[in-house]
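S.K.: One letter stands for each residue in the lines below.
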Amino acid sequence: MGKTHNLAKIYLGAVFAVLYAPIAYLVYYSFNSGGTMYAFEEFTWEWYQEVFQDTRLFVILLNTITIALLSAAISTVIGVLGAIALANLRHRRMRNALLTLNNVMLVSPDVIIGASFLILFAAIGIQLGFTSVLLAHIAFSVPIVVLMVLPKLQEMSPTLIDAARDLGASWWDVLARVVIPYITPGIMSGFFMALTYSLDDFAVTFFVTGAGFSTLSVEIYSMARRGISLTINALSTLVFLVTLLLVVGYYIISTRASNSRQVRWGVASR
Amino acid sequence: MERIRNLFLVPYGVWLLLFVIVPILMIGYYSFFDIDGVLTLNNYKRFFSPTYFSMALRSFWYAALITVVCLVIAYPTAYFLTKTKHKQLWLLLIILPSWMNLLLKTYAFIGILGTHGPINAFLGVFGLAPRQILFTDFSFILVAVYIFIPFMILPIFSALEKLNPSLIEAAYDLGASHWVAFRRVIFPLTLGGVKSGVQAVFIPSLSLFMITRLIAGNRVITLGTAIEQHFLVTQDWGMGSALAIFLVIAMGLSMWFTERGRRVR
Amino acid sequence: MKRVIQMFIAVLAAAALCMYATARINHLQGYSSGNTLTIYNWGDYIDPDLITAFEEETGIKVIYETYESNEAMLTKIAHGGHSFDIAVPSDYTISRMIEQNMLIPLDHSLIPNLKYIDERFLDLSFDPGNKYSIPYFWGTVGIAYNREMLEGKEITSWNDLWDESLRNQILLVDGAREVIGMALNSLGYSLNETDPEKLLEAQQKLFDLVPNVRAIVGDEIKMLLSTEEAAVGIVWSGEAGAILDENPNLDYVIPTEGSNIWFDNMVIPVTARNVEAAHKFINFMLDPENAAQNTLYVGYSTPNWAAMEYLPEELINDERFYPGREITDKLELYENLGKHNQAYYNELFLEFKMHRK
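Chains as they are written, first to last, in this note's numbering: chain W, 1 to 270; chain V, 1001 to 1265; chain C, 2001 to 2357.
Do not rely on the hints blindly, as some may be mistaken.
Straight-line Cα separation of at most 30 Å, DSSO-like style, residue types lysine-lysine; simulated pairs [said to hold, decoys possible]:
1) LYS2205/C x LYS2330/C
2) LYS2115/C x LYS2061/C
3) LYS2198/C x LYS2339/C
4) LYS2061/C x LYS2198/C
5) LYS2280/C x LYS2061/C
6) LYS1162/V x LYS1085/V
7) LYS1195/V x LYS1087/V
8) LYS2330/C x LYS2131/C
9) LYS1085/V x LYS9/W
10) LYS1162/V x LYS1087/V
11) LYS1195/V x LYS1085/V
12) LYS2131/C x LYS2339/C
13) LYS9/W x LYS1162/V
14) LYS2330/C x LYS2115/C
15) LYS1045/V x LYS2339/C
16) LYS1083/V x LYS1195/V
17) LYS1045/V x LYS2205/C
18) LYS2131/C x LYS2061/C
19) LYS2339/C x LYS2153/C
20) LYS2115/C x LYS2153/C
21) LYS2002/C x LYS1162/V
22) LYS2198/C x LYS1045/V
23) LYS9/W x LYS1195/V
24) LYS2002/C x LYS1087/V
25) LYS2115/C x LYS2131/C
26) LYS1162/V x LYS1083/V
27) LYS2280/C x LYS2131/C
28) LYS2115/C x LYS2280/C
29) LYS9/W x LYS1083/V
30) LYS1087/V x LYS9/W
Listed next, the stretches of chain W that the computed footprint assigns to chain V, with coverage defined by at least 3 CB atoms under 8 Å from CB atoms of chain V [unchecked claim]:
31) 12-18
32) 21-31
33) 91-103
34) 191-202
Simulated from the structure, these hints should not be mistaken for lab results. The beta-carbon is built from N, C-alpha and C at its ideal position, and this holds for glycine as well.
With these hints in hand, go ahead and build the complete structure from the sequences.
M.R.: Okay, structure coming up:
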């Protein structure tokens, strides 16, 4: 048994090594005085200093975070409401149809999502910019939230609600005191997933972003022609460290708060 | 009461209508027009021309390959993960790299896999270098698997978590070997997770773009690459939409198959 | 429930804080005031010091937005309700924009510095009389190659690329006009050929090139040539300048059969809100000293003859980047061939890409 255990460790170690290799590469070159992501010259903090001097980049970072937080919060509300409604739908066929549509969106390639939103916004007459990017991010985050929350709702025992109702609880009470607390881990993972998807998205934002508004990923892409500045590497390193802290923090909070030892993570796919 | 619950469906329903149903209908509409804005079925006819048809076939082939490799690597990973302490944290750390900007990571891969990159330097120690790794099928599959593997690991991990350990013990008690226990008990019981994972990897890989150029040097051209080109470069939205409709249909079909499979089980 | 609501409020508060900070920064920089100029340009395609200098000189605040391709810029201008005051599209895109009424005619009386532009680069086919556009940078399409890796072999023409010694060594750019144009030139035809038979001949010739092609790539070509991933690449002269500095083994050549000459010109799109400031900016950029400073930063070739005085001798005497009239006369502009011919080019190019392997 001990032997398999070691094998398991080696295997996992290899998987982690591959997963973190490109990140290590990026972090390494963020200290390159040569200014390129190849040919390392000398160690320098230059790019990190530049991150803190570049107000334009800072505004873009703020934009990115604003969009991520707002879209994650709003899509969590819509997604939770949707999941509750879906879980309570009597028509099984109707529910399955809606779920299929939910999942079609979830598995749609970013190119199609982005392009179709571009057409949609052009047709409705929404200006490309903050609003369109926010709407788009909400739109592609909703199904993730539904997927995280729905299993929690389905595993909830109906007797719990019946008991509450027998004790004279109103419908609102049942929701606020019984249902929401029970599905909180699902809500949290949904929110968290939505947040990070928004932070990472490039293709959809690329299609729907407009004048005066840019997110980090769009900025990185437009730098490609003349070479991506190492300032981006430095900034990404910082953002990565913050995200790491958030993840570990989230883990600690969720394990402490959740009654069961395990936070359930549903299928996350997009 | 029932009414209040249905009220909850309103925002979600609006979302579905606006961002799922309307876009699908619009893309469908666009797909019937050519570059002059004339109503035509030509885009669909063109899809069945040798160029696009072989592109679709190749897309499927590469997507299948990526999915299989993902599965083969992800299953043991998920399995071993369930055996670790703080497994939820490790799981999060598996997902974490996917939150870093993809273009940056891809540039890192160009550096890592290049003729003068660290991998070739390592191979050089054994006298195996220089070897062309970049712009090969190998590098393409590697990076694609890198991108998608968290989506395969997650559902399999959840399925393994739900597995009742007493069932496995029972299998051992009945004299099953590790392999038999895996094949007859563990794997069948986690089939649901495997199916979700396959779905989450296969369909997006049909539409991979960007890395087809950056990592595969356009040796691989997927439907996604073609859609991107049509929407942005050639401005032939009709053809791009027709390809998109085809992808949506492929998506729906694979959903339907996996769902049906689940019900039978 | 409480916890969820708490978190929700915390998130909204954080978002509000970010928005406030953004608004505050924009306000501090004067973005919210009326007198702004929005420049829509390629990423990193101007010396940022010049923007600051322009802001100080005129009191106009500049918003700098970037795009990554002519087509992406076109799509955005056509679909958004944006307010770009200046854009810097390439030649064939300009004629498309004129065709679609997307540009505002320039008032030449507001641009006295126009006299500094070399007359060779004025009144070109894509914009007769420079009614809508003023040259910003120009250049050629050519071959960058690594002398070391080719062991002294010289490359002078497009036809050299078909040589067997270059097996798996060539990087092509992912552009239909560039690649098919190269094949047309190698056959002695015009870059703007529309005769389907000649185009098919060019495509056949490209199929023969396949064994020599290592990859068809985009902007990463600079990184790939500089790190010696491949020995030969089709590049724009501006980008070649940058990598020649990085890797001394590299050389750049304008092929003898002829090639493409391109221009990135400043224009004022119909989306402009501050036409007056836009004219001021164009005139500012044409000032010889400013043009010279920008040229040193960007590294592309300037069309401004008066700026040459401020540039180092060895730069302006470099025939690779400042070819004389006898060479530029042989070069051709990409003409706007119309939707159908463009679609045919794209189709042929897609087939070429699919033909690989």
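S.K.: Hints first: check each against the structure and report whether it holds.
M.R.: Status of the hints after comparison with the structure:
no.	hint	in the structure
1	LYS2205/C x LYS2330/C	holds (22 Å)
2	LYS2115/C x LYS2061/C	holds (27 Å)
3	LYS2198/C x LYS2339/C	holds (18 Å)
4	LYS2061/C x LYS2198/C	violated (51 Å)
5	LYS2280/C x LYS2061/C	holds (12 Å)
6	LYS1162/V x LYS1085/V	holds (17 Å)
7	LYS1195/V x LYS1087/V	holds (22 Å)
8	LYS2330/C x LYS2131/C	holds (25 Å)
9	LYS1085/V x LYS9/W	holds (12 Å)
10	LYS1162/V x LYS1087/V	holds (14 Å)
11	LYS1195/V x LYS1085/V	holds (27 Å)
12	LYS2131/C x LYS2339/C	holds (23 Å)
13	LYS9/W x LYS1162/V	holds (22 Å)
14	LYS2330/C x LYS2115/C	holds (25 Å)
15	LYS1045/V x LYS2339/C	holds (20 Å)
16	LYS1083/V x LYS1195/V	holds (22 Å)
17	LYS1045/V x LYS2205/C	holds (28 Å)
18	LYS2131/C x LYS2061/C	holds (26 Å)
19	LYS2339/C x LYS2153/C	violated (41 Å)
20	LYS2115/C x LYS2153/C	violated (43 Å)
21	LYS2002/C x LYS1162/V	holds (29 Å)
22	LYS2198/C x LYS1045/V	holds (26 Å)
23	LYS9/W x LYS1195/V	holds (26 Å)
24	LYS2002/C x LYS1087/V	holds (28 Å)
25	LYS2115/C x LYS2131/C	holds (15 Å)
26	LYS1162/V x LYS1083/V	holds (13 Å)
27	LYS2280/C x LYS2131/C	holds (16 Å)
28	LYS2115/C x LYS2280/C	holds (15 Å)
29	LYS9/W x LYS1083/V	holds (10 Å)
30	LYS1087/V x LYS9/W	holds (13 Å)
31	12-18	holds (count 4)
32	21-31	holds (count 6)
33	91-103	holds (count 6)
34	191-202	holds (count 4)
The structure is inconsistent with the numbered hints 4, 19, 20, although it conforms to all the rest.
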